[in-house]
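S.K.: With chain Z held as given, fit chains D and R onto it using these hints.
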Amino acid sequence: MPAIVVEGLERSFGEVLAVQGVDLSVEEGEIYGFLGPNGAGKTTTVRMLTTLLLPTGGHATVAGHDVVKQARAVRATIGVALQEAALDPLMTGRELIRLQATLQGLPSAAGKQRADDLLERVDLVAAADRRVGTYSGGMQRRLDLAAALVHEPRVLFLDEPTTGLDPVSRKTIWEEVRTLNDEGTTVFLTTQYLEEADQLADNVAIIDSGRIVAEGTPDSLKTEIGNPHIQLQLAAGSIAAAEEVCARVGKLLPPVDGRTVLVEAANGAADIPKVVRALDDAGIAVESLELVRPTLDDVFVAKTGHHLEKRVPATSSAPANA
Amino acid sequence: MPEESDTDRDLLPRSEVAGWEAIRVNARVVWALGMRSIRQTFRRPQLMAPIVVFPTLLLAIQTGGAGGAVNLPGFPPVQSFLQFMLAGAMMQSLMLAGNSGGIALAVDIEMGFTDRLFSAPIPRYTIVLGRLAGTAALGLFSSLWFLAIGLIFGAQIESGVAGALIAIALVTATAMAVGGIGAAIALRTGSASVVQGLFPLVLVVLFLSSAFFPNELMIQPAKAIAEYNPLSFVVEGIRGPIVSGIDATELAEAVLAIAGIVVLGLVLSARALRHRLRVG
Amino acid sequence: MEAIVTQPQWRANLATIAALMARAKNELLRVPGAAIPGVLAPTIFFLGLNGVFGALTQLNGFTTGTYESFIVPVSMLQGAGFTGAAAGVNLARDIEGGWVDRLLVSPAPRWVLLAGTVLSASARALIPATSVFIIALALGAGWPGIDGLLVTYVMVAAMAAVAACWGSSLALRFKSQSAAPLMQAGMMGLILTTTAYAPLALLQPWMRSVAEVNPVTQVMDAARQGFIGDVTWAETWPGLLALAGLLVVLGAWALREMRRTAV
Chain Z
1 MPAIVVEGLE RSFGEVLAVQ GVDLSVEEGE IYGFLGPNGA GKTTTVRMLT TLLLPTGGHA
61 TVAGHDVVKQ ARAVRATIGV ALQEAALDPL MTGRELIRLQ ATLQGLPSAA GKQRADDLLE
121 RVDLVAAADR RVGTYSGGMQ RRLDLAAALV HEPRVLFLDE PTTGLDPVSR KTIWEEVRTL
181 NDEGTTVFLT TQYLEEADQL ADNVAIIDSG RIVAEGTPDS LKTEIGNPHI QLQLAAGSIA
241 AAEEVCARVG KLLPPVDGRT VLVEAANGAA DIPKVVRALD DAGIAVESLE LVRPTLDDVF
301 VAKTGHHLEK RVPATSSAPA NA
Chain D
1001 MPEESDTDRD LLPRSEVAGW EAIRVNARVV WALGMRSIRQ TFRRPQLMAP IVVFPTLLLA
1061 IQTGGAGGAV NLPGFPPVQS FLQFMLAGAM MQSLMLAGNS GGIALAVDIE MGFTDRLFSA
1121 PIPRYTIVLG RLAGTAALGL FSSLWFLAIG LIFGAQIESG VAGALIAIAL VTATAMAVGG
1181 IGAAIALRTG SASVVQGLFP LVLVVLFLSS AFFPNELMIQ PAKAIAEYNP LSFVVEGIRG
1241 PIVSGIDATE LAEAVLAIAG IVVLGLVLSA RALRHRLRVG
Chain R
2001 MEAIVTQPQW RANLATIAAL MARAKNELLR VPGAAIPGVL APTIFFLGLN GVFGALTQLN
2061 GFTTGTYESF IVPVSMLQGA GFTGAAAGVN LARDIEGGWV DRLLVSPAPR WVLLAGTVLS
2121 ASARALIPAT SVFIIALALG AGWPGIDGLL VTYVMVAAMA AVAACWGSSL ALRFKSQSAA
2181 PLMQAGMMGL ILTTTAYAPL ALLQPWMRSV AEVNPVTQVM DAARQGFIGD VTWAETWPGL
2241 LALAGLLVVL GAWALREMRR TAV
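Protein chains in written order, with the numbering used here: chain Z, 1 to 322; chain D, 1001 to 1280; chain R, 2001 to 2263.
These aren't lab readings, by the way, just hints derived from the structure by calculation. The reader is advised that the hints may include incorrect statements.
Chain R side only, calculated, beta carbon under 8 Å to chain Z, not exhaustive [claimed, not checked]:
no.: 1; residue: Trp2099
no.: 2; residue: Leu2103
no.: 3; residue: Ala2108
The model shown is predicted, which means the values in this text are computed figures rather than measured ones. Built from N, CA and C at the ideal position, the CB exists for glycine as well.
So that you can see chain Z by itself, here it is in the shape it has in the complex (with noise of 0.2 Å):
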């Protein structure tokens, strides 16, 4: 049985449709990546799946259970960690995590003994007794994780779990993901980074403006789109002038930022000498150049038009919406 089966999911604000008829199914055991620019509607998707915000169409089942008419029922099988740290800065972290046990119905002996491994879980034994208001963000996102785990839930919500984190951080909380996976813990995790998605995730959905785009494992989708690019990088004010060049010769892509040029190559490597030879012909330098194979963000543009870190719009490629 899916752990978490969603048909034509959708949630308006007044005139705005945050979320428009999303469907997904996710396999017990699996990671899950939502990923999505800000705004795309990953938050209420989760709120939705979470119990914390009721539907205003379609309907979800976690874990076997209707989001709306066994809400109850859900709750006890889920673990929460939302984007907001749901944290009370007054509380030490070991109050925390045996106010959650509380919560999710342990006995006291329980509880406290779940305290004990899951502060060593995620090494925070040390600050256990400190106040949460002292914890660095890091340190926050790993109590909350601990306080997401204390009743063993079979599914796990983690939205967007290492936004503002530092690199190290962001890999701690990472390795602790694939544990739990291990486990068999369902992992539904919503992020805006490439990196977290590609990394993690089994399947990835792709939303934009509430609506999927686009399903798939990474590599199907970055198969499915294909092209490598060559990455042009060159001297302030050359740009335009080798944009014009590259249009000649090849196919460009929509640029990232002002300092790039990229341009489609079909057939990889291959395509770089005539790339190369047209902008020397015109005179202008090259400071750097790179293959890029494609990543979930060419994904993200051949599915909507732009970018899902940089919101620059399609220049000259035209958006397939699929």
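M.R.: Frame of chain Z; chains D and R shown alone:
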């Protein structure tokens, strides 16, 4: 000591022009800051509401609950308890306005907006004056509000239009004076929560005056304190034209009391400014 | 993976309420000076009202000798109203900060979550009440007797619960601390449009009409008994009934808002 005179000069115009030109330039600055302060005040009704709504609520409750006081032997001749209480309600409102002006200034300091002003070539006093414009506007508004409430519920202004104008003028002036004290506290502490925490003090000071009851009928020791509380003189000055005729002595005492508060506010503000500029 | 063994629901509920109350006390014990406003405001009001309106006892119709005795219960109930409303403000702050999401996502029943807030307010209200009471005694208010004191404290605790239900309803409805003035003003209005300043007969006609229908008047009179005379069941039960009614109505509203947070 040489340090002191340097900063003394900082409080005075630093522009190269002198005389009338300087006054005109600074007036424009005060106007601009004043408009900002007024806009801030009236653009956020949820902040404004407590300043007017709470005193109105208290006015209703106290006239309804303690209105029988007019029958006490020794109570001054008034048309109604409401007529008596209007001045007290205005006092409460203007003091809350002064407190809230202080909070606004403290928020500006916390957010760094005042740093921007301090580093501009404008004299320091314009910053405080600009802030006080908002407080004065609130004072004006509340005096009009309570006069209207009084009229709607049957209280008469015994001295007519002239009396109303005097009351309005006194309330606006006192609002500014109290605002100066609020500003001084804001400048000294730089913390909005500290200024906000002083709000209960407002109530204390009012209870220890003749804002809500005639001084002669109060109970010791509140009675003794109220007799010498400068706010009592202000309240009597506002109340006089409403419940009876315009009394020159009462008026003079009120103006003197307000002047006293203004001076206190100026002195405290100047010292607080000096402290802030030294401490940074 | 099997779920961890949990305790019977009723036990889990009690444990949750206790844990939420334990958390609530952190506000007082771990934030320096946090208890002061709650204690200061009613005390100031008591001293102020006494100094300003004390002469009212000279009017015909006042059966007490001292105004202190008359208004002690007023200030104690005000403290209850203030504490309960503050619980609502704290809930609004917790909603804004995301803490309440943690509670809502857990399997704890909604009424249990509400009970935690309301019962802590009841307990906390005893602090300003005691402060006012001690000061009043020092100023010459009569000793109300153990029965009078007990009745007063029960009224105070229940009134705080009523105020907490009111504050919580607003917090859950508006999900914002800017509703705080409404929480405070509402309780102030409810408690003071009663026989707070004077006996029923001496109130202005419009105030008398309001006080006659205001259930808190019964509460006020019941809480005042010991301070101005003897405590009788006849004077006490209307107060209890009024509080029960208010708790049912406001409690139901709060519970409904708690359940509707997902909307």
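S.K.: Could you run down the list of hints and mark each one as holding or not?
M.R.: Checked hints:
Because the closest C-beta pair between R:Trp2099 and chain Z is about 5 Å apart, less than 8 Å, the hint holds. Because the smallest distance between the Cβ of R:Leu2103 and any Cβ of chain Z comes to about 7 Å, under 8 Å, the interface hint for this residue holds. Taking 8 Å as the C-beta cut-off, the interface hint given for R:Ala2108 holds, the closest approach to chain Z being about 5 Å.
Comparing the model with each numbered hint stated earlier shows that all of them hold.
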